[in-house]
Amino acid sequence: MIGVVPASIDDLQRRLRSERYIADRGLATSVFLALKLQRPILLEGEAGVGKTEVAKVLASVLGTNLIRLQCYEGLDISHAVYEWNYPRQLLEIRLMEATGALGNDRGPAANHLFGDEFLIKRPLLQALESDGGPPPVLLIDELDRADEEFEGFLLELLSDFQVTIPETGTIRATQPPVVVLTSNRTRELHDALKRRCLYYWIEYPDYTKELEIITTRVPTAGVELAEQVAAFVQELRRAELYKAAGVSETLDWVTALVALDKRELDAETINQTLGIVLKNQEDIQSVRGERVQEMLNRAKHAGT
Amino acid sequence: MSALLPNLLHFSRLLGAAGIDVQAVRTLDVARAIQHIDIGNRREFYHALRCLLVHRPQDYPVFDEAFRVFWRPPPGDWTTTDLHAMGEQRRTGDPQFESPAGADPDRAEPSVAPPHEIDQVAPLSYSDREAVRQRDFSELNESELSQAQRMMADFRWDVRMRRTRRWQAGRGPTLDLRRVVQRAASHRGELVDLPRRTRKQRRRPLVLLCDVSGSMERYARMLLHFLYCMSGRLDQVEVFVFATGLTRVTRHLGRRRRQSAVAQVVPRLPRQVPDFAGGTRIGGALRTFNLQWGRRVLGHGAVALVISDGWDRGEPELLGAEMARLQRTTYRLIWLNPLLGSRDYVPQTRGMRAALPFIDDFLPVHNLDSLEVLGRHLSSLPTRKGLARR
Chain C
1 MIGVVPASID DLQRRLRSER YIADRGLATS VFLALKLQRP ILLEGEAGVG KTEVAKVLAS
61 VLGTNLIRLQ CYEGLDISHA VYEWNYPRQL LEIRLMEATG ALGNDRGPAA NHLFGDEFLI
121 KRPLLQALES DGGPPPVLLI DELDRADEEF EGFLLELLSD FQVTIPETGT IRATQPPVVV
181 LTSNRTRELH DALKRRCLYY WIEYPDYTKE LEIITTRVPT AGVELAEQVA AFVQELRRAE
241 LYKAAGVSET LDWVTALVAL DKRELDAETI NQTLGIVLKN QEDIQSVRGE RVQEMLNRAK
301 HAGT
Chain X
1 MSALLPNLLH FSRLLGAAGI DVQAVRTLDV ARAIQHIDIG NRREFYHALR CLLVHRPQDY
61 PVFDEAFRVF WRPPPGDWTT TDLHAMGEQR RTGDPQFESP AGADPDRAEP SVAPPHEIDQ
121 VAPLSYSDRE AVRQRDFSEL NESELSQAQR MMADFRWDVR MRRTRRWQAG RGPTLDLRRV
181 VQRAASHRGE LVDLPRRTRK QRRRPLVLLC DVSGSMERYA RMLLHFLYCM SGRLDQVEVF
241 VFATGLTRVT RHLGRRRRQS AVAQVVPRLP RQVPDFAGGT RIGGALRTFN LQWGRRVLGH
301 GAVALVISDG WDRGEPELLG AEMARLQRTT YRLIWLNPLL GSRDYVPQTR GMRAALPFID
361 DFLPVHNLDS LEVLGRHLSS LPTRKGLARR
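From first to last, the protein sequence lines stand for chains C and X. Its first residue numbered 1, the first sequence is counted upward by one per residue in the numbering used here. Its first residue numbered 1, the second sequence is counted upward by one per residue in the numbering used here.
With the rest of the complex left out, here is chain X (with noise of 0.2 Å):
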């Protein structure tokens, strides 16, 4: 037993350096847990252990892993796991994905260019300002890009909000029979005035699935950092990328960084994404993101935007079901395309077509006032679902 303590403290130390939360206060329940074990049996130590200092799901392989080395260290015996990366991959949140069927592993580093260092840019005119915001992203050179991308970090984005089930105090439809009450009693039982009370209002989450395949790559660049203005900007935003599989991003962007950390931040993101400019299933992306996340992800009357130039090497079937399903889970959902903005496309590849018919609002993507014309369009997205569908 009196080995026993110090152990207990090493062990919980290992967990910490691991990447699990595991706190101080802890130790001493675990301590006091063991007097009503029999820790000569293993399997009960290791549950008693396991509830008291795990409580996520995903973490119990790593504790597993702890558990077999720090508690049975026969000579020879040591982990073949590298934990110290097991609990580094855990902490920073590794990339959850679907390795895309047939991914080269040894496929060149994603061709977007590292954006140069940039010394100066000299301020725009007016005149040019107007220029680099109705130009197509695909056509800015590299100052007007920088230009574009700074620009594009003052624009303001809202979602519209929604109403709650929770009740604060204000003008509204109800009485707020409390303070009635406890207000006729502070007037001797005279109802001076009738305090009423109204619905609390909330920001609507948004989920952001953004098409990183070949076809897309002249706007990634733009649209990363799109990705990665939104997830700063708001509360609750999700950020998903796909090609052939679905990678969710939002820990990578990272929420209410400094400006100063998309330099780093955006282009490191392809490195992350195992399929960037690969080629496109997005029907299967869909699919991954239905199955996996959009319980998780879509409640409170979440908008979705799916960001995408629709070509698409799976079936379209699939995409077409998918879609249906996207759109019955999602207050709403808006998809963004780039090749919208010329005035002679026509969505005609088989995704789009199959794609459409589930779509409430179909907008371009393509220069930032398009993007301003999207942010206007978020806040003020009608009251009910289902209503002006575009």
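Bound conformation, chain C alone (with noise of 0.2 Å):
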């Protein structure tokens, strides 16, 4: 039954494979726990390996809406929580005058003028604010890329589920939302911030799992092709690169492939076809030519 809060870590594990995310029992115990103790989940890794995928199937998982809000410098609480309609307000504030409805008390006008009608909700105002249903799921992703001020409003929120307006009063949550925030660690967050959340660090998945992973999104790969790609993957992220090729570039190229109808990799498609992988013109530079090759050798030696 969709929309209920997983059983066991087993059920949260094949549901989430349902849902076509391949997860490590390291994770779904992680998430399960998050789920369970209702605390907000922070996952690291390296760009491009599954961390905002996770929110996204959880939330389907759980049958509940996705809220997200993608952290940038300078993200404030106007931009995160919540802003005043400025322009209707001033609209409303000549529609008074005109209707004479102002009057002399100040009182009645600003609460008015602070009303509900004139308030925009952002998402994490409106994560607090769930209609009876399930709670929603509340991404916070890229937390590194958004400053400390920033962080530091998350902390109060995270640790009370409220959000207090000053022309209004506090908002609490009927029920906290499920939290999933992600860093790429571009720079180490605040620990007060980290001891508040469930960690787990994801890696780049191994040949198996990154095997299993294309197999169940792109199933129209043949095995052959999919073997080979996961191998040279692998190979690619043991050379030294700015960048190295995350999951979902991986799904990429693999369906780049398929388009063009390859059923093995060979060294050409590869030279032809390496900019989806590799997002980093030195990195393509240095890998283009005889060590695609090389890797191909020793890809295709490992596959079998």
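Accuracy of the hints is not assured; some may be wrong.
[Unchecked claim] Residues from chain C that keep clear of chain X, each with C-beta distances beyond 10 Å, as calculated:
no.: 1; residue: Arg187
no.: 2; residue: Asp206
no.: 3; residue: Lys209
no.: 4; residue: Arg237
no.: 5; residue: Leu260
[Unchecked claim] With a cut-off of at most 30 Å between alpha-carbon atoms, the simulated BS3-like pairs for lysine-lysine come out as follows:
no.: 6; chain 1: C; residue 1: Lys56; chain 2: C; residue 2: Lys194
no.: 7; chain 1: C; residue 1: Lys121; chain 2: X; residue 2: Lys200
no.: 8; chain 1: C; residue 1: Lys209; chain 2: C; residue 2: Lys243
no.: 9; chain 1: C; residue 1: Lys300; chain 2: C; residue 2: Lys209
no.: 10; chain 1: C; residue 1: Lys209; chain 2: C; residue 2: Lys194
no.: 11; chain 1: C; residue 1: Lys56; chain 2: X; residue 2: Lys200
[Said to hold, decoys possible] Which residues of chain X face chain C? A few of them, derived with a C-beta cut under 8 Å, are:
no.: 12; residue: Asp29
no.: 13; residue: His36
no.: 14; residue: His47
no.: 15; residue: Ala48
no.: 16; residue: Leu52
no.: 17; residue: Arg166
no.: 18; residue: Ala169
no.: 19; residue: Arg178
no.: 20; residue: Val181
no.: 21; residue: Ala185
no.: 22; residue: Ser186
no.: 23; residue: Gly189
no.: 24; residue: Val192
no.: 25; residue: Arg295
By construction, these hints were calculated from the structure, which means they are not laboratory data. Here a beta-carbon is modelled for each residue, glycine too, at the ideal position from N, C-alpha and C.
Using the supplied hints, reconstruct the complex from the two chains, each of which is provided in its own coordinate frame.
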């Protein structure tokens, strides 16, 4: 049945899989406990290991909404929590003036101006106000991109699941949302924030897991192609590159190869499509040509 | 179950002793968590404990070892790893270096002489001070060195501010609509004044990369001092030293320590750097930096300072390519060369020539005056990248 908290770790792992997400036992355990203890979970790992995907899949496993907050430098309360609809407020002031509704007493006018209809709710506020259904999944993505000021604010929100709007008062979550935070670790997050969360570091998948991911996500790919791509990507990750290939790149690549009707990897095709896996000119330059052939040989050898 | 709780407490204490930051409250969480899992399943138990008690990937190995020792102690199966030592290492931040290929582990202590204890330094006259300021670091005698170090401590370095994306009230280009409405509401709808807002300013992060190879030895003591002063003064400074490999020493230098600590920290530094006074492979060191640290310390418009004489035994092509990358990923790349202080110096070494096209500012760093010039330069960097490259 959809919409029920998983009964066991096995159950969660199975349901993640049926949503085509292959989760390690460790990840499944951490997510399961985050649900049970109603605590946020912080997922860290290199770019492209599927951190964001966890939240998306979790939302569909739980049969609930996903509310996403993408972080960036300078992200502040007016973009993360709420903002007043200023143009409408100013218009309303003029209207009230015209109709004489302003009166001599300030209180009622201010109350009206800072009422619900002028409030624009941003992701964090939306996540607190669920409508009686199952609590939403709140994804706070790439938190390392936001600045420390925002982290400090988040600390407060995550401990009490409440927000104070100076003009109106405190809004408290009736049921706390399922919070998933992700970070690429371009900077260290504050320890105080980490202490409030369960923590899991997602590694790049090994050959077996990546093969499983490929066959699950791109079922049209031939067995041979899938095996070779998985082995080749392992080789790529072993090479010293500025930006290693993530799982999403692997999947894009397989999809592209399938579109090209490839049943097997060959050096020429790799050279032509390398830009799908590696996104850095220096990396492409250093790999293209001879090294591709070497890696391909090793990959084919490992695959058999 | 009854024996489990005390054991959990013991275990989290063990983790604490090994340097992992564990809160007492967390043990309660664990106690709650294990009701939801199958304790008999070792893997589940392990992951439940780990996701609650550890929040840094670098702590995983320590945790694994502690878990292995604590939760299954069959006779004779004691750890071969010294947990306490591992914890110590973690806590003090082990030097994170690439061990230089072929480095001799039995190499004698680096030959930077420990500074002699000087009981008292007679205050110098004005002309003496001027002389110390202008003399090359390599020519200073022992008492002049300590004098120079004191004078260096009095310098003020500041890095030019950068505009962040965060707003604050102030005289800026845009209206602060929130306050506009608030004021209008309290003035019965009258727009009496129009509050404005402006971007918040913040100091740029600074990354120092200092060459401590053999050829730089004459300058090493003063430069280490310089690094120490810099890292103590500014909030966001990352310090790396390199010869054949790269070592991050930010943590060894510490932050905002009292002046008295200089005497302890600086002489100890060479011992924490495995390749101190060794050969030079600038290109390789920069590559390590670009690969492992670039993305983590070069955010927010960082300014990078490379301090080196450009004597490089590695391939110039590698150095050129890595310098190009470094320049692209920083707001400004400054190269400080102590040799630039002598009038007849021409940057002719292969390494220096390979690096030059990618340097924004090429400045001397041979005496106190040149450091002061650097200080002025840092505080007056152009507001936009790529302007006025020297």
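Each hint tested on the structure:
no.	hint	result
1	Arg187	violated (6 Å)
2	Asp206	holds (16 Å)
3	Lys209	holds (16 Å)
4	Arg237	holds (13 Å)
5	Leu260	holds (32 Å)
6	C:Lys56 to C:Lys194	holds (22 Å)
7	C:Lys121 to X:Lys200	holds (25 Å)
8	C:Lys209 to C:Lys243	holds (21 Å)
9	C:Lys300 to C:Lys209	holds (17 Å)
10	C:Lys209 to C:Lys194	holds (28 Å)
11	C:Lys56 to X:Lys200	violated (34 Å)
12	Asp29	holds (6 Å)
13	His36	holds (5 Å)
14	His47	holds (4 Å)
15	Ala48	holds (6 Å)
16	Leu52	holds (6 Å)
17	Arg166	holds (5 Å)
18	Ala169	violated (13 Å)
19	Arg178	holds (6 Å)
20	Val181	holds (5 Å)
21	Ala185	holds (5 Å)
22	Ser186	holds (6 Å)
23	Gly189	holds (4 Å)
24	Val192	violated (12 Å)
25	Arg295	holds (5 Å)
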